[in-house]
Every structure is written in C-alpha cells, then in structure tokens.
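Protein chains in written order, with our numbering: chain U, 21 to 310; chain X, 21 to 310.
Please note that the accuracy of each hint is not assured.
Unchecked claim - Here are the computed lysine to any residue pairs in the SDA-like style, where the Cα-Cα straight-line distance is at most 20 Å:
#, chain 1, residue 1, chain 2, residue 2
1, U, K193, X, N191
2, X, K151, U, S124
3, X, K177, U, D121
4, U, K177, X, I181
5, U, K227, U, P162
6, X, K222, X, I160
7, U, K139, X, Q119
8, U, K79, X, S158
9, X, K35, U, T37
10, U, K35, X, V38
11, U, K303, U, K79
12, U, K227, U, D163
13, U, K81, X, Q119
14, U, K177, X, I123
15, X, K79, U, T155
16, U, K35, X, K222
17, X, K30, U, T37
Hints listed in this document are in silico derivations from the structure and should not be mistaken for laboratory results. Please read these numbers as outputs of a predicted model, since none were measured by experiment.
Number of protein chains: 2
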Amino acid sequence: MDVVHYVNGKLVNEKETVINIFDLGLIRAYAVFDYVRLYNGKFFHLNDHLERLQNSAHKMKIILPISINDIHDIAHLLLEKNPQIDAGMRFIITGGLVQSDLISPSSISSLIILFHPLKSLPNYNDSNSIKVITTKLSRIFPDVKSTNYTSAILALKEAYIKNYDDALYINDKNEILEGTTSNIFFFKNKTLITADSSDILKGITRKVVLKLAEGNFPIEFRPLNISEIENCEEAFLTASNKQILSVSMIDDKIIGNGLAGENTKKLQFMFNKYLEKYFFDVKQNIKTTI
Amino acid sequence: MDVVHYVNGKLVNEKETVINIFDLGLIRAYAVFDYVRLYNGKFFHLNDHLERLQNSAHKMKIILPISINDIHDIAHLLLEKNPQIDAGMRFIITGGLVQSDLISPSSISSLIILFHPLKSLPNYNDSNSIKVITTKLSRIFPDVKSTNYTSAILALKEAYIKNYDDALYINDKNEILEGTTSNIFFFKNKTLITADSSDILKGITRKVVLKLAEGNFPIEFRPLNISEIENCEEAFLTASNKQILSVSMIDDKIIGNGLAGENTKKLQFMFNKYLEKYFFDVKQNIKTTI
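Isolated chain U, as found in the complex:
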C-alpha cells in the first residue's frame, strides 16, 4: 500500500512528493526539520519534537506557514492514513519559493511532512555495539535542526570507508561534541558525562536519558576531551531512531572491555521500561512527566 505524505496543504502519495526547484529549501538550503519516532502507531514525545521544530524555525527566521497546533493535527491525520505501525515522521519547513532576487525568502514557507515506515524495529539491545571515528568537521548553527547535513554525509562516508559505523564531531580543542545524527554520552569514574552547550543539538532521547539517569548516576555536563577516551568505562549514543546505542570503539581506542557496559545496559533497561510506561500513560490519557 502506498505511503501517504503531506506537501503544502495536500495529502499525496509517493509519486507526488515533489517540490518546486525554486523553493529555498533546495535552491538555498534554507530549511529546518524535525523527526519523531512512532512505536506501535503512536507518537513518542511528539510535542517535544514540534516545540523544537518551532524553535529551529524561529532561530532561522523561518515563519511557520500554519500554527504548531495545526501541524500537530495534520501529523495525526497523516498517521490515520498510514497503516504502518513502526515508523518515523519528518517535518520539514523551508523558506518557501524564492523571490525574484533569487535569495530572499517568500512570505509563505513550505511545509512538508513525510512518513517513513521502518521495516523492523532496529535491534539496539546490549549485544549491539558500534565503532565510530572522530572528525573535525562540524555543523553550522549546531543548536538548530536545519537540513544542512553535508558535514554528516561527508563524515559518514569517511567512517564507512574505514569500516566504522558512525562519526563524532570534535571541536578545535579536541572535545567530543555529538554524533552526526545523535548525542554522545560517556561513563568515566561511574559518572555520566555529556556535552551541554549551544555547540550541540539537544536531542529528545538525550533529554529522556538524562531524566532517567537523575539520582541513579552523578552527571557532568561537559564535552569529553579525546585524551580522556582511554580512561572511559563506557560510551553510548542517543537518537530517536537509535534509542541508546553502545559505542565500543572510538578511532583506535577500545572503550572498556569492548562490549556494551553495565551502566549503559541499565539505562537501556530503564529506557525500555520508560517506553512501556509512556505508551501505557498515553493509552490512559495520563500526562507523562518527562
């Protein structure tokens, strides 16, 4: 069955997901987006994602074409039209059709909502651990979820060539900031360490993990320097589509014993419990606390 998407006011099928080339999202890469995960046909933290989408648009001075409440309603309508239960939904807002000077935004932004079925749930259980490289590439406007993923694509290409799975952005001080499409956490001296600044994009999964960790582990908000990697006990990535994914190798350094660590597994367990509770609460119409 055809997947249904939403493009500028219309529900469309796969073949109709086209956009005018003179849209600033293409011609000038002027666009923000967000991606929300669906489990069993239900949104996970949709409001957090829509709030971040609104913030991204605001920071990029892109005006929402309709209100966030209306976008919320369209998201639910789109969900009804798509029977797949495990999926992601991508919200893209661009600067709209370019004006005659070929650079200034139109007064009407474009809104695209894409539905991405997931063939199967990614299996990020404790036997799964990935290898990552570090890269001096960086994102422009790192605290905004813009569509500008050139650095990520180049970093991933480099990682794949080296037979690694992903890449971490490091800054000029050799501090590890974030992954190409994820946040990075470390355990060092049993303390959970993660960057927290305008140099990273603060993930929704990251927020959940931090809330779950509270009271269970001491937390330090700072980027880890690459010189500290060998003293780390554990490392993991967080992202909507990755949940909590163990990292067992960074460049040529093996983390801990090269397997997913105990504390990472503990957080994965807590995250799974949280997912259960979250969707139970959604069903009961209870407002979740995180």
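Take the given structure of chain U and dock chain X to it, following the hints.
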C-alpha cells in the same frame, strides 16, 4: 514566452521545474551549484564556472551525473531554447535521491540547470555605491559553492532591517573575508587588498579583476581587519551579477568621500573594456587570455 529549464535529462517549462522531495538537495541540503552570467545571449567565462562546479562537486564528494563536456553542451542547447539575451544560468548538482537510511547519497546525482532572465542589466556604474554591514556569521565549507546559503539569508535579512544593502562575513580575528554573494576588495595606500585563502569562495569576476589590476596597482593578498576600514580609500564588491560594485559605507564607517573612488572607476572602465574585448574575441573565435 515560457522560460525553459533542464531537470535530470529533460527540458521543462516553468511549471514542471519540480524535484522529488527525497532528493538529498532538499532533504539533506547536499548540493553544489554555480551561476554563470550571459551578456547579449553569450556566456561570460562559462568554462571557468563549469570548472569550479566540477571542483565543488569533487570537494563535496558528489559524483557528476554526466561529464562536464556534456553539461557544457546542454548549457548551449538551453541557451538556444531561451530567446532572452541578458540572463544567468544556474547549474545545481545534488547527491540525488536518498537511500533507505535517509542520509546516504544515491549513485546517481541530480543535475538541474535553471535559466534566469534578467529584466534589465543591473546598472552598477560609478554613481552607484552601496552600504554594507559586517557579520560574524560564516559559511560552512567556504571554498565550495554549495547551496548552503542560510548564513547569507540571515545576514541579508539583518542588513535590510538596518536599511543596508548587503553584508560582509568577518572571522573571529575581525578580518573581512567576503560578501554574502561576492568578493570584497579595498584600496589602502593605493594598494589593492583582497583576501585569498580557503576561507573564501574565489569568484570568477574576482579573477578577472585581479588580472586587470596586475601591473596597474600593487596587490596585497590578505583579509583587511575591520580596524583598518577608516584608513581605506576605496572598497568594492565583485560578483557575476554585480560586476564591480562600489561600497561607500561599512557599518558606521564611510569609505573615502562616500562615493565610488577613482581607482574603482578605473577598474570598472577596464572591466567594461574587457567585456567588449571578450565578446569580440568570442565572435572571432579567439581564445581569450584571462
């Protein structure tokens, strides 16, 4: 009469200039481009622009979908289809349709060639001088002509709000690098000064101007510090669509006497002569030297 464009192997009219939303040029802003100016229905330095397009694609690891020679031929075909004589042609190469992981490029890039009629020749003669602001915003991969113009759009918005015409990117050392869609030159102590590094995009008009200036003015290749603005005699921008455009005010500092300077006018005169010679040589099938 409808303007004709080229999209992925087809000549199309205005209404058909659409592209799949799953193209990496939109979904991940993964695309390079170039823009060449046409005077009286003839390309100005087309080969230089196509060479730079090829370099941009190479640096971004985007594979050309067809050879540069074939792109050259399509450019001429498109020109035949469009009777307008004063125009620009924009070549965009994107990473193509995204693969199932929603971030990796396809093996087939997209090629778009857009024809932009110019209503009239911009009148950048010596009575014309603009005001610009400086901005700490910067471009990512500055030596590549990628479609990532978010910084430019934000900088221009800021300039327009302040009733200025354009913006100049400055780095952390307060050095002036380039304009949002142009290169910047200064005259100080009768010496022509312009940045020359991987921090700027080297324009084709910049190259012509430097060649014309050779032997006529001493030339220094370095970015000017903003502290030096008040000691400057003249300033001007260069770009395919701006030619040589005098700058008479940077932030709150007036350059020289606030009018286009003598040396800028001299270079404008030389540039106009060069244009005449260039197109005379094209007509006579003589290879021009710059």
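- [ ] Mind listing which of the numbered hints don't hold for this structure, in increasing order?
- [x] The structure conflicts with hints 4, 11, 13 and 16, although it agrees with all the remaining ones.
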